[in-house]
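In the order they appear, the protein sequences are chains A and B. Just so you know, we're using the UniProt record's numbering here: the first sequence kicks off at 1 and counts up by one. Just so you know, we're using the UniProt record's numbering here: the second sequence kicks off at 1 and counts up by one.
The hints are simulated quantities; they were obtained by calculation from the structure and are not laboratory data. Please read these numbers as outputs of a predicted model, since none were measured by experiment. Glycine included, every Cβ here is placed at the ideal spot set by N, Cα and C. Errors might be hidden in some of the hints.
To be verified - Below 25 Å or equal to it, Euclidean Cα-Cα: the simulated SDA-like pairs (lysine to any residue) are:
(1) B:K137 <-> A:T29
(2) A:K99 <-> B:D170
(3) B:K81 <-> A:D59
(4) A:K139 <-> A:K111
(5) A:K54 <-> B:G238
(6) B:K137 <-> A:L81
(7) B:K131 <-> A:D59
(8) A:K54 <-> B:K137
(9) B:K22 <-> A:S88
(10) B:K120 <-> A:E43
(11) A:K101 <-> B:L255
(12) A:K54 <-> B:R109
(13) B:K95 <-> B:D250
(14) A:K206 <-> A:K228
(15) A:K172 <-> A:D134
(16) A:K13 <-> B:T227
(17) B:K63 <-> B:F77
(18) A:K95 <-> B:K137
(19) A:K13 <-> B:N64
(20) A:K111 <-> B:L265
(21) A:K290 <-> A:W106
(22) B:K128 <-> A:Y52
(23) A:K21 <-> B:I154
To be verified - Partial list, derived from the structure: chain A residues whose beta carbon lies under 8 Å from chain B:
(24) K13
(25) A16
(26) V40
(27) S44
(28) A57
(29) R58
(30) S66
(31) A82
(32) T89
(33) L97
(34) V153
To be verified - Quick list of simulated restraints, FRET-style, between CB atoms:
(35) A:E179 <-> B:S74: 37 to 43 Å
(36) A:S164 <-> B:M286: 51 to 57 Å
(37) B:T65 <-> A:L213: 24 to 30 Å
(38) A:G30 <-> B:G287: 18 to 24 Å
(39) A:K21 <-> B:I154: 16 to 22 Å
(40) B:K264 <-> A:E152: 52 to 58 Å
Listed here are the chains, written in short residue letters.
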Amino acid sequence: MDVSGILAEHAAKQKAVTVEKDIPLEVDTGLLTVTDLNPVDTESYNEDLEGYLKATARDGVQALVSALFSLPTTSSADGPLAQLPPPSTQLPRAKPLPKPKPPTKWEQFAKAKGIQNKRKEKKVWDEEKQEWVDRWGWKGANKNEEKQWLTEVPANADADFDPSKAARDARKTKIAKNEKQHQQNLARTQGPSAAAAPPANNADRKKQIDRTLATTRTSTASMGKFDKTLEGEKKPRGVKRKFDPAEVSASAEKSHNLAILQKLDREPASKKAGGDNVLNVRKAIRSISKGKGSAALAREGGGGKAKKGRR
Amino acid sequence: MLRTIKPKNARSKRALQAREPKEVEDPRTAIFVKGTHTGEKVNAVIKEMMALKRPNAISFSKKNTVRPFEDASSLEFWAQKNDASLFVIGQSTKKRPDGLVFVRMYDNRVLDMCEVGVEKWVSMIEYKTQKSTPGHKPLMHFASELFDTHPRFIQLKSLLMDFFNGEVIDSICLAGLEHVISVSLGPTPASLSAASASTPAAEPSSTADLPPVHVRVYGVKLLASGTRVPRVELTEMGPSMDLVLRRHADPDPELLKQALRRPKLKKQDVEKGLGRKRKNMEVDEMGDLRGRIHVARQDLSRLQTRKMKGLKAGREMFDDDGDGVSGSGSGSEGEEEDAQLRKRRKTS
Numbered sequence: 001m002d003v004s005g006i007l008a009e010h011a012a013k014q015k016a017v018t019v020e021k022d023i024p025l026e027v028d029t030g031l032l033t034v035t036d037l038n039p040v041d042t043e044s045y046n047e048d049l050e051g052y053l054k055a056t057a058r059d060g061v062q063a064l065v066s067a068l069f070s071l072p073t074t075s076s077a078d079g080p081l082a083q084l085p086p087p088s089t090q091l092p093r094a095k096p097l098p099k100p101k102p103p104t105k106w107e108q109f110a111k112a113k114g115i116q117n118k119r120k121e122k123k124v125w126d127e128e129k130q131e132w133v134d135r136w137g138w139k140g141a142n143k144n145e146e147k148q149w150l151t152e153v154p155a156n157a158d159a160d161f162d163p164s165k166a167a168r169d170a171r172k173t174k175i176a177k178n179e180k181q182h183q184q185n186l187a188r189t190q191g192p193s194a195a196a197a198p199p200a201n202n203a204d205r206k207k208q209i210d211r212t213l214a215t216t217r218t219s220t221a222s223m224g225k226f227d228k229t230l231e232g233e234k235k236p237r238g239v240k241r242k243f244d245p246a247e248v249s250a251s252a253e254k255s256h257n258l259a260i261l262q263k264l265d266r267e268p269a270s271k272k273a274g275g276d277n278v279l280n281v282r283k284a285i286r287s288i289s290k291g292k293g294s295a296a297l298a299r300e301g302g303g304g305k306a307k308k309g310r311r
Numbered sequence: 001m002l003r004t005i006k007p008k009n010a011r012s013k014r015a016l017q018a019r020e021p022k023e024v025e026d027p028r029t030a031i032f033v034k035g036t037h038t039g040e041k042v043n044a045v046i047k048e049m050m051a052l053k054r055p056n057a058i059s060f061s062k063k064n065t066v067r068p069f070e071d072a073s074s075l076e077f078w079a080q081k082n083d084a085s086l087f088v089i090g091q092s093t094k095k096r097p098d099g100l101v102f103v104r105m106y107d108n109r110v111l112d113m114c115e116v117g118v119e120k121w122v123s124m125i126e127y128k129t130q131k132s133t134p135g136h137k138p139l140m141h142f143a144s145e146l147f148d149t150h151p152r153f154i155q156l157k158s159l160l161m162d163f164f165n166g167e168v169i170d171s172i173c174l175a176g177l178e179h180v181i182s183v184s185l186g187p188t189p190a191s192l193s194a195a196s197a198s199t200p201a202a203e204p205s206s207t208a209d210l211p212p213v214h215v216r217v218y219g220v221k222l223l224a225s226g227t228r229v230p231r232v233e234l235t236e237m238g239p240s241m242d243l244v245l246r247r248h249a250d251p252d253p254e255l256l257k258q259a260l261r262r263p264k265l266k267k268q269d270v271e272k273g274l275g276r277k278r279k280n281m282e283v284d285e286m287g288d289l290r291g292r293i294h295v296a297r298q299d300l301s302r303l304q305t306r307k308m309k310g311l312k313a314g315r316e317m318f319d320d321d322g323d324g325v326s327g328s329g330s331g332s333e334g335e336e337e338d339a340q341l342r343k344r345r346k347t348s
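Full structure from sequences and hints, please.
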């Protein structure tokens, strides 16, 4: 069997779609661009400009199309889709890279503890309606308890106990708590200095310092009357001690004295924190163990010793 | 500087979110501005370039006193207001007739600029052919060795690529390849080819000896060739213009460095083999990640077998032997035994 004819025919077909150049063309399929680095042929350029430009463009586009058609494809309704590789030419961005979202307090804690985030489905199955309903929001499942026509009331409930109001209050408190935590997270990401940042210009800063100084000078019981003054320091103006009125009603006097007695009766705050010293032990453990707790800290410290003993 | 807007409802919040920086960017929007005076030619050029750039094009139809090389503040304002990052400013003066300035922005600041003059202009209407569909991505073709060596032409290429084709996409419909924008240069003058060989930094001030730039737009026809790859035939679609390079502004190196920053590759991309190569890992055709593990030779000397009383190493015996040997050992044999003993002690 003679196949030379078929081979020649195939070669001729291939020739029509291949491009031969001294310097091979640079094809960037990611950006659908081809660059022809061959020097311009001055003779044909001068002779027939449009024809020459069209011929070089055809060669370049042929090379680009060959590269595009040899890419892996997926089919779609409008024809084959070529999967493009990422571009090889670097073009500058129009906007800076997006900044990563700062972690919330919970995310930080979960990372320290190694807690995997479980994602809740947005929809839950409603047995009565026999369909999927939203967990929250409009007609959300979290409002079922408020809307049901019959509710179990605890035995020790007050006479005016309203179960639907109680459920609604519980839900609203949760929302308020979440919003508060969200605000705290925002404040934390903006940095502790956002609220108490020093003012930008010098005049403002001076004014702020003066105000702080004035506050400290009147912060003693005698309103700074017996404080040492520096040379050139001005006497604060408009500072007057205020006294309670000498005559008050009996009930006011009684409540005032009772408040003092109650204060004396109470356990001091420092003792409650754990011991008479200034160290807050619970807080210290939390900070050293990075939120893992005292048990983990003990395990870590004790584990090392135990190993040493065994060796 | 515009004041920062706090969204008051969900719709404006979504609109602001759409403007925030993204990892994979949207196509750049171009604003076409007319300067204090634009001739008929420049108006036509702007109109037809807009036709090619549509739908990501905004036209400023009124005249504006704008001098981008002297004061770029109004450009920055417009860029922020319209969320656009490209400008084409048409301006015709006695000194620089029929000029176009391409301006590219980064983060609402001017990155680089390039001014060209339109020498020859043929409108799209002159060619009685079918035009491309608006919104279809063009192919780009650049022809000259200067696009790889000369800084001015490298910038021009980058600008034009960003202008017409900057959007990064992951797939394209092969039937939708309709037109090609071809940018060719005239013959390279001897001064440039010699200069590029001897001194890589060519003189920036001399624009007279730079070759002209021919921009042509062709319609692409894909003909059956009998093989998988079709044969390409081009028909001139227009517009076609010949440009000369004039003034330019190079990007600020610090700003350019920021603009060229790439996002970190995703885990999935790294596994696919993009970016840094991961050794001994591959994804098979089922999409499963397969790894090959190389296990080092096992150290059997440290193997812990079953503990029994009878197998316990007699401590006293070793101690006695060790003393005796080390006391008498002087030759090579003694040293060897010594080493063995030390080894045994270590293991026990």
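Hints, verified against the model:
1. B:K137 <-> A:T29: holds (13 Å)
2. A:K99 <-> B:D170: holds (24 Å)
3. B:K81 <-> A:D59: violated (43 Å)
4. A:K139 <-> A:K111: Status violated; Cα separation ~34 Å.
5. A:K54 <-> B:G238: holds (12 Å)
6. B:K137 <-> A:L81: Roughly 14 Å between the alpha carbons, so the hint for K137 of chain B and L81 of chain A holds.
7. B:K131 <-> A:D59: holds (21 Å)
8. A:K54 <-> B:K137: Holds: K54 of chain A and K137 of chain B sit about 20 Å apart, inside 25 Å.
9. B:K22 <-> A:S88: holds (20 Å)
10. B:K120 <-> A:E43: holds (21 Å)
11. A:K101 <-> B:L255: Between K101 of chain A and L255 of chain B the Cα gap is close to 24 Å, so the pair holds against 25 Å.
12. A:K54 <-> B:R109: violated (38 Å)
13. B:K95 <-> B:D250: holds (22 Å)
14. A:K206 <-> A:K228: With a Cα-Cα distance of about 22 Å, the restraint between K206 of chain A and K228 of chain A holds, given a limit of 25 Å.
15. A:K172 <-> A:D134: Holds, because 18 Å separates the two Cα atoms, which is no more than 25 Å.
16. A:K13 <-> B:T227: Since the Cα atoms of K13 of chain A and T227 of chain B sit roughly 7 Å apart, the hinted pair holds (cutoff 25 Å).
17. B:K63 <-> B:F77: This hinted pair holds, its Cα atoms lying about 16 Å apart.
18. A:K95 <-> B:K137: With Cα atoms ~22 Å apart, K95 of chain A and K137 of chain B stay inside 25 Å; holds.
19. A:K13 <-> B:N64: violated (56 Å)
20. A:K111 <-> B:L265: Roughly 23 Å separates the two Cα atoms, so the pair holds.
21. A:K290 <-> A:W106: Answer holds: K290 of chain A to W106 of chain A is near 13 Å, not above 25 Å.
22. B:K128 <-> A:Y52: Holds, at about 21 Å.
23. A:K21 <-> B:I154: Cα-Cα ~22 Å, so holds.
24. K13: It holds, given that the least Cβ distance between K13 of chain A and chain B is near 4 Å, below 8 Å.
25. A16: holds (5 Å)
26. V40: holds (4 Å)
27. S44: violated (10 Å)
28. A57: For A57 of chain A, the interface hint holds, since the closest Cβ of chain B sits about 4 Å away, which is under 8 Å.
29. R58: holds (5 Å)
30. S66: holds (5 Å)
31. A82: holds (5 Å)
32. T89: holds (7 Å)
33. L97: Holds, about 6 Å.
34. V153: violated (39 Å)
35. A:E179 <-> B:S74: 37 to 43 Å: holds (42 Å)
36. A:S164 <-> B:M286: 51 to 57 Å: With a Cβ separation near 54 Å, S164 of chain A and M286 of chain B satisfy 51 to 57 Å, so the hint holds.
37. B:T65 <-> A:L213: 24 to 30 Å: violated (53 Å)
38. A:G30 <-> B:G287: 18 to 24 Å: Between G30 of chain A and G287 of chain B, where Cβ atoms are some 23 Å apart, the hint holds.
39. A:K21 <-> B:I154: 16 to 22 Å: For K21 of chain A and I154 of chain B the Cβ distance comes to about 21 Å; the hint holds.
40. B:K264 <-> A:E152: 52 to 58 Å: Taking Cβ atoms as reference, K264 of chain B and E152 of chain A lie about 54 Å apart, which means the hint holds.
Going through the hint list in order, the structure does not satisfy hints 3, 4, 12, 19, 27, 34, 37.
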